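Participant: Order-wise, the sequence lines are chains C and U. For the first sequence, this note's numbering assigns the number 47 to the initial residue and increments by one for each residue that follows. For the second sequence, this note's numbering assigns the number 106 to the initial residue and increments by one for each residue that follows.
FYI, nobody ran anything at the bench for these hints, they're computed from the structure. Computed from a predicted structure; not experimentally measured. Check each hint, because a few of them may be wrong.
Unchecked claim - Okay, the calculated bits of chain C under chain U, using three or more residues with CB under 8 Å as the criterion: (1) 57 to 68; (2) 99 to 107; (3) 114 to 126.
Stated by the list, open to error - Cβ pair distances, simulated, as ranges: (4) PRO112/C / GLU122/U: 33 to 41 Å; (5) GLU115/C / LYS161/U: 19 to 27 Å; (6) GLU168/U / GLY119/C: 35 to 43 Å; (7) ARG143/U / PRO100/C: 19 to 27 Å; (8) GLU157/U / LEU88/C: 20 to 28 Å; (9) ASP216/U / GLN111/C: 22 to 30 Å; (10) LYS161/U / ASP113/C: 35 to 43 Å; (11) ALA83/C / ASP126/U: 46 to 54 Å; (12) GLU189/U / THR69/C: 23 to 31 Å; (13) GLY119/C / GLU115/U: 33 to 41 Å.
C-beta atoms are modelled at their ideal positions from N, C-alpha and C, and glycine is treated no differently.
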Amino acid sequence: MTPAAQISVQIRLFASYREAAGTRSLEAPVSQGATVADLVELLAERIPALRTAPGLIAVNYTYVQPDFELHQGDEVAFIPPVSGG
Amino acid sequence: MFKVIDGPLEGIDLESEVRTDADGAIIVFRGVARRYSRGRDVVHLEYEAYAEMAEKVMAQIGEEIKARWPVSGVAIVHRTGVLEIGQASVAIAIAAPHRGEAFEATEYAIDRLKQIVPIWKKEVWSDGEQWIGWEHEQHQVTSDHSA
Numbered sequence: 047m048t049p050a051a052q053i054s055v056q057i058r059l060f061a062s063y064r065e066a067a068g069t070r071s072l073e074a075p076v077s078q079g080a081t082v083a084d085l086v087e088l089l090a091e092r093i094p095a096l097r098t099a100p101g102l103i104a105v106n107y108t109y110v111q112p113d114f115e116l117h118q119g120d121e122v123a124f125i126p127p128v129s130g131g
Numbered sequence: 106m107f108k109v110i111d112g113p114l115e116g117i118d119l120e121s122e123v124r125t126d127a128d129g130a131i132i133v134f135r136g137v138a139r140r141y142s143r144g145r146d147v148v149h150l151e152y153e154a155y156a157e158m159a160e161k162v163m164a165q166i167g168e169e170i171k172a173r174w175p176v177s178g179v180a181i182v183h184r185t186g187v188l189e190i191g192q193a194s195v196a197i198a199i200a201a202p203h204r205g206e207a208f209e210a211t212e213y214a215i216d217r218l219k220q221i222v223p224i225w226k227k228e229v230w231s232d233g234e235q236w237i238g239w240e241h242e243q244h245q246v247t248s249d250h251s252a
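Isolated chain C, as found in the complex (with noise of 0.2 Å):
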């Protein structure tokens, strides 16, 4: 059985999720076909914050749901309740 193809995508993380990963961007890996909820699964255990406390999430700027299928080079940002203003 041939393995899934991978693509990559960009992590942009911001205010406590900035925090609590120490680093404000990073590149991932993940297969064709995977969802914004497969890259959580995959990041929560590095950043442990995205699955406990969750929040928004904005794939090439635009908030999507977990369903969201990724392609290659997207920019998937994840987003604590937000306080402008």
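Position chain U relative to chain C; hints supplied.
Facilitator: Chain U only, in chain C's frame:
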């Protein structure tokens, strides 16, 4: 004008950005850093933004406003970085032919910004700090550093 800037908002002229000769009212709202919050003394505030997306979402709020009220111009500018007490974090300017729609649209703009624009505020107290936004959540990502 929908912008995130990494510097003071004081001195930015938003009125000329939004005013047209048809307007009889211009409202400029500024949110400023206050000393007291949730019973604690704030030393300063820190704002962080997902600037590329924040500007896009602020422009979307501008479209929502123009679809609901007959306003001629909307400008929203938010800053990032460290703010001392009294400094402005956000400035919103709205121009309209009449004051009623200008007041309503301004209130909508700041309410909506607080709801959906990816910007975060950290309160820094003399004895700790906290990212704001988790107050109604059971869990917090970062704990209060005052311990």
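Participant: Work down the list of hints and note, for each, if the structure agrees.
Facilitator: We went through each hint and held it up to the structure:
| no. | hint | result |
| --- | --- | --- |
| 1 | 57 to 68 | holds (count 8) |
| 2 | 99 to 107 | holds (count 3) |
| 3 | 114 to 126 | holds (count 3) |
| 4 | PRO112/C / GLU122/U: 33 to 41 Å | holds, 39 Å |
| 5 | GLU115/C / LYS161/U: 19 to 27 Å | holds, 21 Å |
| 6 | GLU168/U / GLY119/C: 35 to 43 Å | violated, 27 Å |
| 7 | ARG143/U / PRO100/C: 19 to 27 Å | holds, 24 Å |
| 8 | GLU157/U / LEU88/C: 20 to 28 Å | holds, 24 Å |
| 9 | ASP216/U / GLN111/C: 22 to 30 Å | holds, 24 Å |
| 10 | LYS161/U / ASP113/C: 35 to 43 Å | violated, 23 Å |
| 11 | ALA83/C / ASP126/U: 46 to 54 Å | holds, 52 Å |
| 12 | GLU189/U / THR69/C: 23 to 31 Å | holds, 28 Å |
| 13 | GLY119/C / GLU115/U: 33 to 41 Å | holds, 39 Å |
Of the numbered hints given earlier, the model fails hints 6, 10; all others are met.
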